[in-house]
Amino acid sequence: MAIDIDIAYVARLARIDLSDEELERIGRQLGGILEHAALVQQLPTEGVEPTSHPLPMVNAFRPDRVVPPLERDTALAQAPQAEDGYFRVPPTLEAE
Amino acid sequence: MSSLADLTLAEASAGLRGGELSARELLEATFDRAALTEAELHAYLTIDHENARAAAAAADEAQANGLSMGPLHGIPVAIKDNMVTAGLQTTAGSQILAGYVPPYDATAVTALKSAGAIIVGKTNLDEFAMGSSTENSGYGPSANPWDTTRVPGGSSGGSAAAVAAGSAMIALGSDTGGSIRQPASLCGVVGMKPTYGLVSRYGLIAFASSLDQIGPISRTVEDAASTLEVIAGHDPLDATSYRGEYPRYRSLLGEGVSGLRVGVVGELSGAGIHPEVLSAFRSAVDSLAEGGAIVSEVSLPSMEYALSAYYLIAPAECSANLARFDGVRYGLRIDGATVEEMTARTRAAGFGPEVTRRILLGTYALSAGYYDAFYGQAQKVRTLVIQDFTRAYEGVDVLVSPTSPITAFELGSRTEDPLSMYLVDVCTIPSNLAGTPGISVPVGVDNAGLPIGFQIMAPALGEEVLFQVAAEVERASAWNNRRPPVVEADHGV
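Heads up: the sequence lines are chains A and B, in that order.
So for the first sequence, our numbering puts the first residue at 1; every next one is plus one.
So for the second sequence, our numbering puts the first residue at 1001; every next one is plus one.
It should be emphasised that the hints constitute simulated quantities derived from the structure, not laboratory data.
Certain hints may be false.
Claimed, not checked - To spell it out: a stretch of chain B is covered by chain A in this simulated footprint if at least three of its residues, at any positions, have a beta carbon under 8 Å from a beta carbon of chain A; those stretches are:
| no. | segment |
| --- | --- |
| 1 | 1023-1036 |
| 2 | 1234-1243 |
| 3 | 1411-1423 |
The C-beta atom is built at its ideal place from N, Cα and C for all residues, glycine as well.
Let the hints inform the model, and build the full structure from the sequences given.
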C-alpha cells in the first residue's frame, strides 16, 4: 500500500520551514514508515477501547499550597530576546 | 592493579563508609578514566569538573565531621542530557537547546544529590531521545567501549558507554521504547526501566509523555536496585507519579528462582533475532531452569503490531511535546518577519533529521482525516498489547526475551534507512506501551566479542521479582563484571 502524504501541508502544520528537496526526501521516508505503521490496521479491533495512558489514573490531586514562582529575571535569562520584563518576539501579523 | 573507577557501587560504598577511600579519590579516578576514554567514546556532552570536585570535597568533609551519609554518598554518577540540571547546560542532544542553562533540577537529579551522589556530568544521547544509536545527537555520536567503530546503542548511549568504560559508576537514562535497556545490552551493562510512574518525570525533557520513564544504568543488578531505591518516589510535581508504596527493591536479591514461573515470549525469541544472540539467550534460559525456575513458552500475538503502534503513538506525542521549542522563551532563534516565520525557521535550523521526521510523522498521524486510521487504531493496538501481557502474567511471574535482536552495529550502517533503525527496538517497545518494568542483563558476547543482553519483563510494580530473576541471570552467566577493551590501558602491568 503506497501512502501519499501532502508533506508541505504537514510541515506547515508543524511549523518547520523545509526546502523542497528536504520535503521530497522526508515525504518518501515517511511513506515507507507509514506503510509499516499501517500494520496496525490489519489487527481486528472491533469493540476494543483505545488506551491513551498505561496506568489507570484519574484526578491526581495535590495540596493547594502557594509556593513562590520562578523569578521573572530567571525566567527571562534564557530568552533569545527580552525587553522590559517581557519576552520579545516579531509581529504576529505581517505589516500591510 | 585495577582502578577505583572499576569498582561497583556496592564496593565503592563499602570502601567509602569504611574510610579506605574518599569521595575525592573516587571522583579523580573517574575523571582520569574519562580523560583516557572520552576522545574515543564521546560519552559525555558536559563534564562538570568544578562542581563535582566541590561536591566530593563537601562529602568527605561531612563524613569527617560525623554527619549522616546518604545511600549514594560519594558515588560518581552521570545524567543523560535530557534531564535538567540547575546551572549546568542541558541540551537534550539538540542544537535547538545549545547553551541552555536550566534554572532548576529534575526531581530524579535532586534525589541523587540528596542521597550524596556526585554529578560527574551530562551524557550524550540521540536528539530528544529519538534513536537507537546516539547517531542522531546534534553533537556527534558516541562510540561503543567494546569496539569504537560501533554504536553504543541509544538513545541513552552516552550513559551506557560511560558506565561500561568506568567514567561513571552509575548513570541515569530514560526509556521511551527501549532507550535504557537497548544501549545497556549493546554496552554490556545493566539497564532498567521501572514501572511507569515510579520515577518522577518532572524535569525530564518530554519526548512521549505516556511512555517516557527514567531509570538506572549500572554494572550490576544490585547497583541498579540500589539506585532505583533512591530515585523512585511520589512527586506532586508529576501528575502521573505513583501514589502507593515504594518497597525496598533489593529485598529478593540472592533468593534464587526456585519455583518461579518464567515465560519465554515466542514472538520475540525466534525469527528476526540473530542466531548468536538467540544462542546466548537460550543458554541463560536453561540456567534459570537449572536454578529451579519453571520455564514455558508463552505467545503474545499482538507483539508483532506493537512496533507499528509505537511508531504512531510516540511521534504523535512528540509532535505535541516539541511544539514548545518555538524560539520564544529559550534556546535557538532564527529571525523572521513574523512569529510564525521565526518559529518555522528556528525549528528547521534547530531540529535534526530524525526529530523532524518524527514531528512530521506525528503531525500527520494526528491530522484531520487520518486520526482514526493511524493514531486511533494504534491506541487500540496498545490496549491489545496490555491485554496480552495481563493474560500472560496470569500464568507466569516474569517474561523473558533477548533485549536487542542484534549486537552493536557499525557506526553509519543504519542511518540511511530509518525503518531498519526502528526495528532494533522490537523487543523493548511492548513494555513501554504497557507501562510495565523491564531490565537488560549482560549474558555473554558474540563471536566478535560484542555483549549480548537478556531482557526480563514483569507486571506493573513487579520490580522486586524482576531484580530477583535478573540477579540469578547475572550470577549464572558468569559475566562477572567483565570490562571492555577500551579500559585496558588503565590496567597497566
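8 Å C-beta test of the segment 1023-1036 of chain B against chain A, three or more residues: violated (count 0)
Quick one: see if chain A covers the segment 1411-1423 of chain B, three-plus residues with Cβ-Cβ under 8 Å. Our answer is that it holds, as 3 residues pass the Cβ test (under 8 Å) against chain A, meeting three.
Holds or violated: the segment 1234-1243 of chain B covered by chain A, criterion of 3 or more residues with Cβ-Cβ distance under 8 Å? holds (count 6)
When the structure is compared with the earlier hints, a violation turns up for hint 1 alone.
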